[in-house]
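Chemist: Its first residue numbered 56, the sequence shown is counted upward by one per residue in this note's numbering.
Do not take every clue at face value.
Said to hold, decoys possible - Distance windows between CB atoms, simulated: (1) 75 / 135: 30 to 36 Å; (2) 153 / 61: 28 to 34 Å; (3) 98 / 72: 20 to 26 Å; (4) 90 / 152: 15 to 21 Å; (5) 129 / 89: 30 to 36 Å.
I should point out that these hints are in silico values taken from the structure, not numbers from a laboratory. Glycine included, C-beta positions come from ideal geometry on N, C-alpha and C.
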Amino acid sequence: MPLTRSFKETVQARAQRDPVFREALLTEGVEALLVGDVDTGKAILRDYINATIGFEQLADATGTPPKSLMRMFGARGNPNARNLFSVIGELQRNAGVSLHVQTR
Numbered sequence: 056m057p058l059t060r061s062f063k064e065t066v067q068a069r070a071q072r073d074p075v076f077r078e079a080l081l082t083e084g085v086e087a088l089l090v091g092d093v094d095t096g097k098a099i100l101r102d103y104i105n106a107t108i109g110f111e112q113l114a115d116a117t118g119t120p121p122k123s124l125m126r127m128f129g130a131r132g133n134p135n136a137r138n139l140f141s142v143i144g145e146l147q148r149n150a151g152v153s154l155h156v157q158t159r
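Build the full structure now, drawing on both the sequences and the hints.
Modeler: What follows is the structure, encoded as structure tokens:
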């Protein structure tokens with residue numbers, strides 16, 4: 056039986072090598088939050104953070120302890136707006152992108 060990588064490892068590997076996928080992951084995570092699917096949004100952003108900046112570097116940039124960030128994006132996390140927008144702002148800066156909200 057061949058060994059396989061976990062889904063998380065597969066997502067991280069692709070995000071590290073594919074800038075289009077990386078940007079789409081960030082966009083999807085934020086969009087999920089905006090439409091009210093907070094659990095999915097947090098899970099996607101957690102994968103994005105792990106695959107890109109990492110929680111230690113994100114903590115340095117935002118001034119929020121790494122363990123607090125990990126809890127914030129965990130299954131039972133409940134981030135407040137100030138912390139959430141601080142993180143999203145830093146993720147945009149780190150990625151070199153600017154996300155915009157558009158009505159449909």
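Chemist: Which of the numbered hints above does this structure break?
Modeler: 5
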